[in-house]
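> Generate coordinates for the entire structure from the input sequences, incorporating the hints supplied.
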Amino acid sequence: MSRRGGRQPFNPKAGFQRAGNNNKEDDGKGVSVVILKQARSSGQLNLSNRSLTTVPQSVWNINTDVPPESKNVSLDNQDERWWDQNELVKLILASNKLEQLSNDIQLLPALTVLDVHDNKLNSLPTAIGELRNLQRLNISHNCLTELPSELSQLHDLLFLHVQHNKISVLQDGLGELNHLENLDVSNNQLSELPESIGSLRKLRSLNASENQLEFIPTTIGNLKGVRMLELSSNRLPSLPLEMGFMSGLEQIHIKFNRITSLPPFTKCKDLKELHAGNNNITELSVELLQSLSSLNVLDLRDNKISIIPEEMIQVTTLTRFNIANNNVSSLPYKLGNLRSLKAMVVDGNPMRGIRRDIVNRGTVELMKYLRSRIEETPEDTPDSSSASDPSSVIGRTDAVAGKTLDYSNKKSGTIPVSLWEPAKESGVTAVNFSKNMLTEVPANLILLHKTAVDVNLSVNKIPTLPTEMQMMVNITRLDLGSNGLSSIPSEFETMSMMRELVISYNRFTKVPDVVFTWTNLETLLANGNQIGDIDLTGFKRLTKISSLDLQNNDIGEVPPELGTFTSLRSLLLAGNRFRNPRPAILNKGTVALLAYLRDRIPT
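Numbering of the sequence shown is given in the UniProt record's numbering, commencing with residue 1 and proceeding in unit increments.
A portion of the hints provided could be inaccurate.
Said to hold, decoys possible - As a list, the in silico DSSO-like pairs of lysine-lysine whose alpha-carbon atoms are at most 27 Å apart:
(1) K97 x K166
(2) K450 x K424
(3) K461 x K410
(4) K435 x K510
(5) K342 x K410
(6) K304 x K342
(7) K342 x K269
(8) K424 x K224
(9) K461 x K424
(10) K90 x K37
(11) K342 x K461
(12) K510 x K540
(13) K544 x K450
(14) K411 x K461
(15) K435 x K461
(16) K120 x K97
(17) K267 x K202
Because the hints were derived from the structure by calculation, they are not lab data.
Okay, structure coming up:
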């Protein structure tokens, strides 16, 4: 017989049960007791993507509000035990709707990681300065207009990400973060960087792109540990001479500014990539070219350069040279002797001394033509096999030379253990294990996760990639060509600095989803796979993509909207199933192909 409205049935266990809702939500705020219990055990709490508008008080009190059952000293107690609990060290509140953080955040003094990116924060609490153990702070993608001065008290901070906010000024106190290694202030409203930035002696990566910077302080020359410098999309008319003292520089990105000349990078002996396209540069000085002794990539597209000096042949390590859309009328014939040069883009120049059909045939034919015009013997001109510094040449005397670990073309199934320690001690930035018989990524590669930016694993027999590679967050170029790969782990989204990916000649049936999270990607070479379609939604996220090779796949249709991708400079689609665009259109080049696609967008 059912009971309605009367006294509840007797429960003999009632006196032994916890009061309240012990298994569901904590005071209606969306954080269950179970989650809090797990956090007290692991020291980590992830509350991302929960549509939170405020942080529940139970989160701030997680270290102080100890459930009564946790105080039970009985070893038979299966609930939380106080001796098993850990202070909260990692708190993730990303992708919510938070507008502010309480000063009660100081109740979590053990925090080493705080991630509140992708919220609606318009300020930070002053109490954030009490988090003296904090090492990683991600406050990107919010509505912040300034940073509190108390932030300068976080002397253990290693990573500070404040990109995509509305910050107009960085205070001098920033220079007190003397352990900082990675600083990202991109996509804000900064007109200048503080002089104190030169005090960040341990900084390895500085990204101040997409701001309104009009000058760079001379103190930047003190940052001798910075390897990656990103200043693209600002209003810079010039660069300080002191930038040439940044001896650790490996990559410089200064595209889309108003720069008229480049200073010599005198002390930058490890500089590998210089991206200076879309500026107002009119000439290349001899001093500049002489300082680029280790350069691999030189991008000068869309400038006002009229002459390429003969001294260009001194850049003997150059592999990619882009001078598209300048005022160059001729090229030095001796450029043909740069044996290392694999790609030279000269489209959009008023070439008078070289026939258009030769230019259209590509780099190999153009280089062959230049060599054929040299009156002097090739032996009089230095090439990539006669660099003046033997220690700087890959693989000259040892597998570890300078900042490069080269164990390529050995037909080996393993990498000698003896190489790893010297490589780590040398701070190796480039790793080349191509043309071997590796069946897996060497586990010790992770030892180089702090320094490696260029990794070449091509022409091996690797079927899968280990998720541990997600630690290699500084990688900007990854060559996985000619293996047996069909996927890339989603955990690789941490490689947000990736600019060039090669996955040619593998078994991919689609472009891996994780690739579309790398919003800095500029080059994707995926020819020779089994890719069935072009993921337009995914590619729209790659706003910087300039070179895309999808030749010889299984693509059945080309979306016309691809023609609206204004960043594309090279689009290769031949050798697929689709009937349109026809080969005649594809053969006309990228500009014509993009125009053809745009004309077919439904109106």
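> Please name the hints from earlier in the document that this structure breaks, with their numbers sorted from lowest to highest.
none
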